[in-house]
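Given these sequences and hints, build the entire structure.
Which chain is which? The protein sequence lines are W and G, in order. Position 110, counted from 1, in the first sequence is what this note's numbering calls 110; the numbers after and before it change by one each time, with no gaps. Position 48, counted from 1, in the second sequence is what this note's numbering calls 1048; the numbers after and before it change by one each time, with no gaps.
These are computed hints drawn from the structure, not numbers from a lab. For every residue, glycine included, the Cβ atom is placed at its ideal position computed from N, Cα and C. Careful: at least some of the hints might be erroneous.
Stated by the list, open to error - Short derived list, chain W residues pointing at chain G, Cβ under 7 Å:
no., residue
1, Leu46
2, Ile52
3, Gln65
4, Gly68
5, Ala69
6, Thr70
7, Leu72
8, Ala79
9, Ala83
10, Ala154
11, Thr165
12, His202
13, Arg206
14, Asp214
15, Ser305
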Amino acid sequence: MRSVPRNRTVRIAVLGSSVQRAAPFGFPSSRSSAIKRRIVVGLLVLLSLVLITVSFRSSALNGVQGDGATALRPFEVAANRVARPFRDTVGWFHGLIRAKNEDTKLRAEIAVYQQQQIHDEGAVQQNVQLQEALNYHGPPSVADFRKVYAAVLANPQNAIQETVTIHAGSGDGVQVGDVVVEPTGSPDGTGALIGTVDYVTHSVSRVMLLTDDDSAVTATDLTNSSVIGSVRPGGGNGNSLILDRVPLKPAVQDGDTIITAGSLGDGPLKSMYPRGIPIGTVTSHSNSDADLFQNILVQPLVDLSSIQSVIVLTPSKSLGR
Amino acid sequence: MNALKAAFVLFVACLLQLSVLTEYHAFRTASIVLVVLLSIALLRGSMFGAIAGFTVGLVLDTGTLGTLGVTSLLLTVAGFWIGRYGETTARDRFHAPFLSVAVVTCLYVFGQLILQFVLGQPAPADSAVHSLPGALLLNLLLTLPVYALARRLFPPLELGDRVREVRLLG
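Right under this line is the structure:
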């Protein structure tokens, strides 16, 4: 028998040694292990397909999923709290840089808005008086809705997904179709529209954002109520919207604020959009004689990919709930 | 012990993904769960990767109230495939984790797109394609620290432990 060096290499071990290897563990490589491996993976893939089918075709797993989401909630809240100091630090620096840049611009805007406010207050008073005199009943407003405040548990996870998970569910009175706004989105406190509830469990709900392909909201121009169209996702850049179906005639200006027109939805997912919730501002518009409608791009007032908290507007009893 | 450690690490990655990373617009396309899963699969093999992928996918689908099974299916296949790569050609190669993350990030995005399309859900291909370079870059940046941490937690098995049989020649 040949002598084998103590620090032998694999090559020597394979080609020149008769020493038996120790009992193996770790990566399996025998035929039986390969079969076992394939069976396990096959079962997991099959189980995934079964889960997809059941989850997609029926609501049998909704309860389990809701319980799972509820069980995850404390951990998500804890992770949020741990990350908050870092987030606040980043936000502070970001805010500081932004504040310096915007200071001069905002001072000029304040002067303009002060003049406009005086004019608007007179118009509002006149409006109230005329409505009372005519006994006018308009579309539902934000005041007709009960507000449910909720924290966002999970923001969109990738560029395809356009939903957020929030910490409020049917136990809080939230139902499918309820309107969801972001509280800091507009300066007057009405919030900026971000979407509607499309899935509800007892304590957690999912919100379909305005940028979801299935989303559409009847909207109008704040300064020109004859402009009525439908706000839809803009495609391309995930955070842009278009105001669709606006005829060529009414004039739209860049910088105009787009608000909800106020509508009562139809069908099984009856939803109510109160009038006057800000959606975004017009960033560009164009029209040509070849088109039937104007091309209006709208920038949402809030960054829909990063939302901290929301308000769910649940219709009060007087509105049919 | 390995399974417990992997479960803990993947759960923390899930929480980071669900609650922290996606709050920053710049990091929205990154997937720390995918990077952690691939690192563990590379170091612990195909079966470990597949089971870990299935479980973590289920947690993500539950946390986001998405269609159950979609992420599980994608991550099961990803974990198995990269685990197999780790068992065979990727041994001790520096570029293995980076190559794995780059390839799987692309396949994961398109796989998700295809599944959404098949299920009749919105599948904006343009958004997916636009987000791909960012996702690729961020995931590759995450790979270095994540794989280093994974190597400490799951030390690579010695070559002698991997080889079951030695054929003696001569």
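Tested hints:
For Leu46/W, the shortest C-beta to C-beta distance to chain G is roughly 10 Å, which exceeds 7 Å, and the interface hint is violated. Contact between Ile52/W and chain G, as hinted, is supported at the beta carbon level, the nearest pair being about 4 Å apart and thus within 7 Å. The criterion of a C-beta within 7 Å of any C-beta in chain G is met by Gln65/W, whose closest approach is roughly 6 Å, and the hint holds. With 7 Å as the threshold, the beta carbon of Gly68/W comes within range of chain G, its nearest partner Cβ sitting at about 4 Å, so the hint holds.
Satisfaction of the interface hint for Ala69/W is found here, the shortest Cβ-Cβ separation to chain G being roughly 6 Å, below the 7 Å cut-off. Of the supplied interface hints, the one on Thr70/W is violated, with its beta-carbon coming no nearer than about 10 Å to a beta-carbon of chain G, more than 7 Å. Contact between Leu72/W and chain G, as hinted, is supported at the beta carbon level, the nearest pair being about 5 Å apart and thus within 7 Å. Taken as an interface hint, Ala79/W checks out: its beta carbon lies about 4 Å from the nearest beta carbon of chain G, inside 7 Å.
Annotation: Ala83/W was flagged as interfacial toward chain G, and the flag holds, the nearest CB pair being 4 Å apart, inside 7 Å. The closest approach between the C-beta of Ala154/W and any C-beta of chain G is roughly 4 Å, which is under the 7 Å cut-off, so the hint is satisfied. Taken as an interface hint, Thr165/W checks out: its beta carbon lies about 5 Å from the nearest beta carbon of chain G, inside 7 Å. Using the Cβ-Cβ criterion of 7 Å, the hint placing His202/W at the interface with chain G is not satisfied: the shortest such distance is roughly 12 Å.
Residue-level restraint check for Arg206/W holds (minimum Cβ-Cβ distance to chain G is 4 Å; threshold 7 Å). Annotation: Asp214/W was flagged as interfacial toward chain G, and the flag holds, the nearest CB pair being 6 Å apart, inside 7 Å. With a cut of 7 Å, the hint placing Ser305/W at the interface with chain G holds, because the nearest CB-to-CB distance is about 5 Å.
Figure legend: structure checked against the earlier numbered hints; hints not met, in rising order: 1, 6, 12.
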